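Per our numbering, the very first residue in the sequence shown carries number 48; after that it's consecutive.
Hint data in this document are derived by calculation from the structure and do not stem from the laboratory. Just so we're clear, the structure is a prediction, and the values are computed from it rather than from any experiment. The reader is advised that the hints may include incorrect statements.
What the hints assert, rightly or not - As a list, the in silico DSBU-like pairs of lysine-lysine whose alpha-carbon atoms are at most 30 angstroms apart:
{"no.": "1", "residue 1": "K118", "residue 2": "K93"}
{"no.": "2", "residue 1": "K93", "residue 2": "K170"}
{"no.": "3", "residue 1": "K170", "residue 2": "K118"}
{"no.": "4", "residue 1": "K106", "residue 2": "K170"}
{"no.": "5", "residue 1": "K118", "residue 2": "K106"}
{"no.": "6", "residue 1": "K93", "residue 2": "K106"}
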Amino acid sequence: AIGILTLFLSCSYQEDTAAFFINNQLNESLVIQRSPENSNSDIYGKVDIDLTSSESYEKYILRLTDLEVTKLNCTFNEYQGSITNGQLFLDDVLLGNFQGSNGHVSITDPEMLRSLAERFLEKTSLDLTFVGESNTDHFLSVNVDIEMMGTFVH
Numbered sequence: 048a049i050g051i052l053t054l055f056l057s058c059s060y061q062e063d064t065a066a067f068f069i070n071n072q073l074n075e076s077l078v079i080q081r082s083p084e085n086s087n088s089d090i091y092g093k094v095d096i097d098l099t100s101s102e103s104y105e106k107y108i109l110r111l112t113d114l115e116v117t118k119l120n121c122t123f124n125e126y127q128g129s130i131t132n133g134q135l136f137l138d139d140v141l142l143g144n145f146q147g148s149n150g151h152v153s154i155t156d157p158e159m160l161r162s163l164a165e166r167f168l169e170k171t172s173l174d175l176t177f178v179g180e181s182n183t184d185h186f187l188s189v190n191v192d193i194e195m196m197g198t199f200v201h
């Protein structure tokens, strides 16, 4: 009886773990606008991109163990006026420069995508920032589309 009791107490129970994957697409828009009342020539616009804006990611965010950003596209729309030295950042990482002639920026560099994924894992929320200069009235809409796949452990 003592042997059976010792055997029973020495066995440890280990819960099985399972991993599951969730594809996610984050879309966000940032509007850059200047009216005649604003005499400042510096342009600054910011919007938050948050993993938990997706219902499934919000539900399982504490179980997120790995993230792969597979695609990042920025599209510039409705450009009016004149903006110089325009730059687009995601959490202080330069995504690209804006000139009135280019309509989009696509990030395909695997190292940059991996770096952004690591930042999302660390903070779950990154700032999309546009900076530039202009002395005229202007309007610009920046649309960001990020595709990713998260690994969650249960």
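Hint check:
1. Restraint check for K118 and K93: satisfied, since their Cα atoms lie roughly 21 angstroms apart, inside the 30 angstroms limit.
2. At roughly 17 angstroms between alpha-carbon atoms, K93 and K170 fall within 30 angstroms of each other, so this suggested pair holds.
3. Note on K170 and K118: the hinted pairing holds, with a Cα-Cα distance of about 19 angstroms set against a maximum of 30 angstroms.
4. Under the criterion of a C-alpha separation no larger than 30 angstroms, the hint pairing K106 with K170 is consistent with the structure, at around 16 angstroms.
5. For a cut-off of 30 angstroms, the pair hint linking K118 to K106 stands: about 23 angstroms separates their Cα positions.
6. Restraint check for K93 and K106: satisfied, since their Cα atoms lie roughly 26 angstroms apart, inside the 30 angstroms limit.
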